[in-house]
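If you want the building blocks of each chain, they are given just below.
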Amino acid sequence: MSIAEPVAPPVRPAVQVTRSRRRTGWTGLVAVVAVAILAYLPYRVYSGTTDLLVNVFILMAMASMWNLLAGYAGLVSVGQQAFIGLGAYFVLVLAQHGINPFVALPIAAVACGVVGLPVWWLLSRLRSGYFAIASWVVASVCELLIVRFPSLGGGTGAPLPGLSSLNPTLLTAYTYWISLAVVVAVLATVYLMLRSRLGLELTAVRDDEVGARSVGVRVAGARRMVFVVAAIGCAAAGGVVVISQLNVQPTSAFSVQWSAEMIFVTIIGGIGTIEGPILGTIIFFVLQQTLSSYGAWYLIVLGVVAMAVAIFARRGLWGLVADRFHIRIFPVGYWLWPDGQGRPGRRMPALRSR
Amino acid sequence: MIWVNTIIQGVLLGGLYALFACGLSLMFGVMKVINLAHGDLAVVAGYVAVGVIAVTHIPAVWSFVLVVPIFAVFGYVLQRTLIQAALDRGVLTTLLVTFGLSVVIENALLQFFSANSHSLAIGSLVSDSLKLGSQISIAYLSLAIFVLAVLVLLGLQYFLSLSKHGRLIRAVADDREAAQLSGVDYRHIFGIAAAIAFATVALAGLAFGMVSSFDPTIGTTQLLLFAFEAVVIGGLGSLWGTLAGGIILGVVQQIGSQINPADQILAGQLIFLAVLVLRPQGLTGRRSSS
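Chains as they are written, first to last, in this note's numbering: chain P, 1 to 354; chain S, 1 to 290.
Don't take each hint at face value.
[As the list claims (entries may be wrong)] Label-pair distances were calculated between CB atoms; the ranges are:
| id | chain 1 | residue 1 | chain 2 | residue 2 | range |
| --- | --- | --- | --- | --- | --- |
| 1 | P | Val30 | S | Gly90 | 52 to 62 angstroms |
| 2 | P | Arg197 | S | Leu151 | 52 to 62 angstroms |
| 3 | S | Ala274 | P | Gly154 | 19 to 29 angstroms |
| 4 | P | Gly295 | S | Trp62 | 50 to 60 angstroms |
| 5 | P | His326 | S | Ala178 | 41 to 51 angstroms |
| 6 | S | Ser117 | P | Leu246 | 28 to 38 angstroms |
| 7 | P | Val33 | S | Glu177 | 46 to 56 angstroms |
| 8 | S | Lys131 | P | Ile99 | 37 to 47 angstroms |
| 9 | P | Gly295 | S | Gly90 | 27 to 37 angstroms |
[What the hints assert, rightly or not] Partial chain S-side listing against chain P, Cβ under 7 angstroms, derived:
| id | residue |
| --- | --- |
| 10 | Ala85 |
| 11 | Leu87 |
| 12 | Asn107 |
| 13 | Ala108 |
Honestly, the hints are just simulated from the structure, not real lab data.
Bear in mind the structure is a predicted one, so any value in this text is a computation, not a measurement.
Beta carbons: idealized from backbone N, C-alpha and C, even for Gly.
Excised from the complex, chain S in its bound form:
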């Protein structure tokens, strides 16, 4: 029974990882940008939420109402300025600029907020759980985050397939020149895609801040790597693959920590390396695309 509980916890954790990963996946799919600052942006969202809560005194659970729109605007602006400028100069520059952004964000957070860890206090919600028998307990918060992740992925899928802007994003991702010839301003479309990616990363950062504590360094040492591993395990460019990848990563990490609490992260990274060796195109990827 303890293992059933472990797997359930892993699946729920996987939802959070998928939430982290979908923004990374979207930015790569549309703009071919690997945003190395992705994890740090999630941490920034956590700190912004702490600030918003301190100023407005809204409950932490509702902080996303303000933080997510702020991040969407931030994403659009950053894409239209810094990231677009880097993109115009090639893949190498894009990588270097996002890496530079990551280092600058992390050290600026260390300077202004010290290395102390913070968390978003949500009262009793953090510990309330649904008990099934003696061994299985499902925290409402984890369940809510998992449901949120699935809803975000569903919404993203729906948006990309059916809405006007979603179609434009897919058109630009598939063939930028052809889309431009049809009168699409690809820079604006890139900005919208970045806004969505940043909104999801803000959501993920807030969810993470409610589940556990965060500090300035966690963005690179954990969040970016977890998001990336979920994307690669699931297969590049597939939203549902990302969810599957996140769940596999979460389950393996939970099993690892069940064996030895210090092995949680290592277990996840070993499964990632194993996927890289055995199935480099990911679980859902086609061989031709790798």
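In isolation and in its complexed conformation, chain P is listed as follows:
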């Protein structure tokens, strides 16, 4: 045998790769139709319904951001209210300087993303539980700093200027549309992020951090990216809060209750899936509306249910549904099909080697 003999090319098993076990082309269409119907709602229903939906969308956006943090990047933050409050106050400051609040909202969200960078630099020194409480401390610091500014209303808060000239019906509709826009943007961002290389890296980190590091995943960079995105998303949600309430008050804007709600919703719905926070938010509002006459009981019930789900059904309600029926509304994973046995259909491009 001579050394020059050509080496036989390695035999690659013929594999087809799809994003989900079933066809999912229809889910994209369903999503577009659903958003279109939701966007048309203000012409059809009373403002009571759209006001409720604004709150649904706010919580859905926050929960999706928290799910990205904890479910994918392993960052259990209980301080996301820092960005909710800052987002609300940034909108207030811009509005006080004559900028339309609806225009101010995206600016405030991006500004909070910038604030997120030094915050990440601080918090990234701590892990798991210590990260959790430290993020809480950061939120508390933000609140204590904000109340020092008399122009922002100090400890009592301030009304949001710039919207009083608007017709109330129109204002309700605009508020609804911007909340819908925020939640659609948040869900689209999460979906696209998780389908990208970053999503693959995050999933690898979530499943086995040491293993992910050993194959060259830049864990710190991926986590920083997620943290900044979550800051932007929560700030946008906070901006919607101030626009829908037309005033901002420091203790409620920076309340840990935001974290409690987004965490419970994500756990009950199913952490680590895009669908989970959506399902959880719907359950949250059904529960809240049912128990609305009993004060804070809904939060107690929700907390107990969330603890039970965290212990007994760790993948949440969506996990139960998805495992049973193999449904993925937002397919972000990969299914490998041996040639000839798989789901027939168009041949997917092979995985690009990196």
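Position chain S relative to chain P; hints supplied.
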């Protein structure tokens, strides 16, 4: 002289914070549990004391005789059931369950006892003080709490180093599998550690209730964060570091409030962030361990 007084008050306050922090530190050191409900448990201890006093009519100062054992048992049971179940499923679940516990406790207290603040009435003891000159006055109560904190830390140190159960706790904390191979039931040991942690948090909650008033929300907005800051400033996993951290936090808070009464909490949190930036391993921590 006013600054000397400020620093003395800060040191005494630091003793209280160290008392809050040692339970948090112990549970993290042994079980790797960050108990996010820690502050709320202290508040619960305050409410239990109010109930115990109302029923038995014992003086508030002696309420710990009943409340601390109740909390030790409560801690053991909670650890063996809820917290252990969460621990078996990983760090994330443990955090979520203790956070859920915190929210449930706080809102249940709000439902049953309203947002009104309570305090443990101890009569003239709250205002009696030792006067040194015209500017310095040391309240006997603060001094007693500081001494109590030092005694608790000393006792904990002695217990962990010398007693049989203390050795078992350290063994399980260091290497759970090896301890199990030697026939140690680690769940029982975890329960004992939790019982001690809960007993200290009950003591801290009672002390806090005598010094100032408490309401359902104070557990998360202040107590948990102060305890945590004391632990991180002092360095993770060191009991005496925790005392040092508590004292630094107390002194900085008192200096802050001397400058502007509204800045007490902010000053403490800024020193915490400064430590996080400059010395993330804490004052007593080694760099390798961080």
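Checked hints:
Checked against the hint of 52 to 62 angstroms, the C-beta distance between Val30/P and Gly90/S comes to roughly 34 angstroms, which is inconsistent with it. Under the hint 52 to 62 angstroms, the C-beta atoms of Arg197/P and Leu151/S, about 57 angstroms apart, fit the expected range. In this structure the supplied range 19 to 29 angstroms holds for Ala274/S paired with Gly154/P, their Cβ-Cβ distance being about 25 angstroms. A hinted range of 50 to 60 angstroms for the beta carbons of Gly295/P and Trp62/S is inconsistent with their spacing of about 35 angstroms.
Range check, His326/P to Ala178/S: Cβ separation about 43 angstroms, and the 41 to 51 angstroms hint holds. The hint said 28 to 38 angstroms for the Cβ distance between Ser117/S and Leu246/P, and at roughly 31 angstroms that hint holds. Taking the beta carbon of each, Val33/P and Glu177/S are about 55 angstroms apart, inside 46 to 56 angstroms as hinted. The supplied range of 37 to 47 angstroms is broken by Lys131/S and Ile99/P, whose beta-carbon atoms lie about 58 angstroms from each other.
Between Gly295/P and Gly90/S the Cβ separation comes to about 34 angstroms, which falls inside the hinted range of 27 to 37 angstroms. Interface restraint check: Ala85/S against chain P, minimum CB-CB distance 5 angstroms, threshold 7 angstroms, status holds. Restraint check, Leu87/S versus chain P: the minimum CB separation of about 10 angstroms is more than 7 angstroms; hint violated. This hint holds: Asn107/S has a C-beta 4 angstroms from the nearest C-beta of chain P, less than the 7 angstroms allowed.
Interface restraint check: Ala108/S against chain P, minimum CB-CB distance 6 angstroms, threshold 7 angstroms, status holds.
Of the hints listed earlier, those the structure fails to meet are numbers 1, 4, 8 and 11, in rising order.
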